[in-house]
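Asks: Residue-level listing of the chains:
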Amino acid sequence: MSVLSDRSLRRLGRWSFSGLALAIFAFLILPLVCVIWVAFFANKIVSFPPEGYTIDWFKNALAVASFRDGFLLSLRVSALASLSALALGIPAALLIGRRQFPGRSAIMGLLMSPLVVPGIVGGAAIYMFFIEWEVATEIQMAATLPGLMIAHTVIAVPWTMRVMVASLVSLDPALEEASMNLGANRWVTLFKVVLPVARPAIVAAALLSFVISFIDLELSLFLVGPGRTTLPIAIVSYLQWTLDPTICAVATIQIVLIGSMLLIADRFVSISKAF
Amino acid sequence: MGAASSSSLASGAAVGASRTRSAAGRRVGAEYLMPAPGMLLVALFLLLPLALMLRFSFDHFSPGELLTGAFTFENYQKFFSDGFYQRVLGTTVFVSLVTTALCLVMALPLSYYISRLDHPRLKSTLIILVVLPLLMGNAVRTAGWMVMLGDRGVVNSIFVALGFSARTILYTPTAVIIGLTSVLLPFMVITLQSVMEGIDRRIEEAALNLGAGPLTTFMKVVIPLAMPGIVAGTVLCLILSMNAYATPVLIGGPKFHMMAPTIYDQVTQGANWPFGSALAFVLMTVTVILTIASSLVIARMSNR
Amino acid sequence: MSTVVLQNIEKRYGEHIAVSDFNLSIGQGELVALLGPSGCGKTTTLRMVAGFVDATAGSITFGDRDVTLLAPYHRNTGMVFQSYALFPHLNVAENVAFGLRRRGVSRADIEKRVAVALDRVRLGALKDRMPKNLSGGQQQRVALARALVIEPDVLLLDEPLSNLDAKLREEMRVEIRQIQQSLGLTTIFVTHDQEEALSVADRLVVMNVGRIEQIGTPFELYEKPGTEFVATFIGGANILKGRSEGAVFVLADGTRLPLAGGDKPCSVLGIRPERITITAGRAAALGADTCSLVGKIAVRTYLGAVVEYIVTLASGETLRVREQGRGSAHDLPKPGDAVTLTWPAAASIRL
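Protein chains in written order, with numbering that gives the first Met the number 0: chain A, 0 to 274; chain B, 0 to 303; chain C, 0 to 350.
Note that these hints are calculated values from the structure, not bench results.
There may be inaccurate statements among the hints.
What the hints assert, rightly or not - In silico contact screen, one side only, chain A against chain C (beta carbon under 7 Å); selected entries:
| # | residue |
| --- | --- |
| 1 | Ala173 |
| 2 | Leu174 |
| 3 | Glu176 |
| 4 | Met179 |
| 5 | Asn180 |
| 6 | Leu181 |
| 7 | Gly182 |
| 8 | Ala183 |
| 9 | Val192 |
| 10 | Pro195 |
Stated by the list, open to error - Okay, the calculated bits of chain B under chain A, using three or more residues with CB under 8 Å as the criterion:
| # | segment |
| --- | --- |
| 11 | 41 to 53 |
| 12 | 115 to 128 |
| 13 | 135 to 147 |
| 14 | 184 to 195 |
| 15 | 245 to 251 |
| 16 | 274 to 285 |
Owing to the predicted nature of the structure, the values given are computational and were not obtained by experimental measurement.
We put the CB at the ideal spot given by N, CA and C, even for glycine.
The task is simple: from the sequences and hints, build the whole structure.
Replies: As structure tokens, then:
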């Protein structure tokens, strides 16, 4: 005879299942939590438990030129890439999200293809292409801001498309008809109805593209130049030699920046839907 | 009233009527040009470079020269005759398979847990907390695992506190697998969660009603129904782990070799573009084969 | 307001013909309902009037204005969509003002006309609300106000009540009809609900597979349906097949039923379920102009005000009979009972 009733067994099972799920969840979150924790450690050499807490490492982080410049370059590249991706992606999404036509999925496939090309492969290919380009035209592309921006735009376009198409597909076609019925032509309808209604998606797409560009590592590795490094690359090259609270402070800055942008974006359009 | 309003419309009407017989469908041709700039960008700056790379992989390497114009299989021959690169590929495949399997095993309970939460706010918070690490970037996330696994890191400190001796975890294949699993787990969780969300709870209740216990219900009902998500998540994790760069470089250390860092070294440091390109295409080919094979295996397992 | 004339309208999609031979002339201030099962072409016809669908042949005129080739935004129709299609980023007043803005009406006039339109649908107090904060009935009124305020040549209603619950639907039906009549709006009303169409329309157009079956007032369509489709679609008439021999209709099994009103030959009779009287057992002496059939009750459905029977005839055919409630359950015939069905010969509709 079991001492436990069916009900208490089930309750036990449910609790242990929740415990298991949360442990797996912790596995996901813990490294980031630790990075933020270490960024406030008083001791220079990372060891647990800490001897005390300080915010000096953040000042230290900003004093390192490669981090400061990397951060600024990343901001610039991501902002430009995000805007370019919107400029290219919104018109495409307006067609693909609202019309059915032969070849629609082929066009969508082409625009989404940067997602399936691995970063290292794509980066190497673009790098070699830029060098060949430079040989042919004497216009330098590799290790320049425009070159980096173009490459980042390529990887941001699919994310813009995903968010925008998902939003426009769910747009009631009767809204556009209602607008035209009330005397608005196609252009007025586009600017007075379609785009305003899709505004949350546009904001979310912009933020998401920015983040995708900001955190890119593999593609950028090939396209940065001496003294012209993005923040993730600066972090990786620093980490190859040292692990100290300074780098954790840098990582914390990135976590806070990206985290707040994603939380803002999520208020407009549920981000998990973009995956 | 309405005279003013309809007269302004009537003047527009006259303009409209002079066009061809199409009221709603007119001037749609221009619309189809809207995706063109984006397509041009992708074609010019991604597909064309990839085509160039394919060409490079058949080129002869001569230091200091770009495309020599030769057509040779020597780069692929070099890969298949040099044991070092085959071991690199072997390590990459091994790490990817183990990582993907771990991701699947860990993601199943977590995504099921999230998909069956009754509390909408808690659910969306958990989903966001799964997605956030994904978008923090590989550099930052790998730094996290270095803090965790370093000689004086969190894990070793716990070992010491429990009376064990500290051990080297960082710079071992195990560490790479742990780090990579954590990096890729969110992809699997998000993919599975969205599929499980779509599984009607009443189907599970039907199974329970028919006498299946919770575990049996999960194994025999939920997992088979989540199969499309399992395949998609597996394929995604395989692709991403086969091509992982930051984790093997930082957590694996200088003596640990996987394909992506090797390609990077060949193309930049060695400046051996033909061989680097060949490595890239070997990697992509093996990845495609692996994803197809794993989909088939999963499909067969689920058919039993 | 103006008259609306649709002449020989046709719409094909490749080989598929969605609407053909459509001729309809709607008088000023008249409400015409397009009625038919889904896929009959009624919505396509409405959308051709609005300009969202190009007619492949024929012409559409509003008054003396030929609009066949006009874009939707030059037609000056006011449409209420099934989903209401309120602009989610604009509040109630801005939604209603949208069409006036496009027409370049002055700001002060817009304000005045929006206020009048919202008062007409009793929503003046909610003018600053966003659509998502409105109930279904309120949204539907905003949609109506938005279509009315531009003073359209024709008001187009696409299943406007189908997203409302039963009680609200009846209220809105009355309200729409009152507004339409008080403004004298030429209106086309698309619905698949025959009761809705009968109650609201001046005239009905019954459509089936892209063609007009019959045009007429509610009374004409119900009492004098022109085709078997109309007879069954509206009011669900029973159908008996056979042939007429002078003033007698002979069924396949030889049963003879008297016919009233002329000798026009016919092969199908329609009988409304509520015109049939049901009597237990065999009926006694019958008048010469009374039709009678015997059968057995297969199903009895108690619906409160009426009781519905499905009666199987000796020939195997079934007839539906609807009777007023009798106030006592005991004397109702039960399933299995043998009954006689009778109806006056004048109630048989020749089809």
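Asks: Any hints from earlier that this structure breaks? Give me their numbers in increasing order, please.
Replies: Failing hints: none at all.
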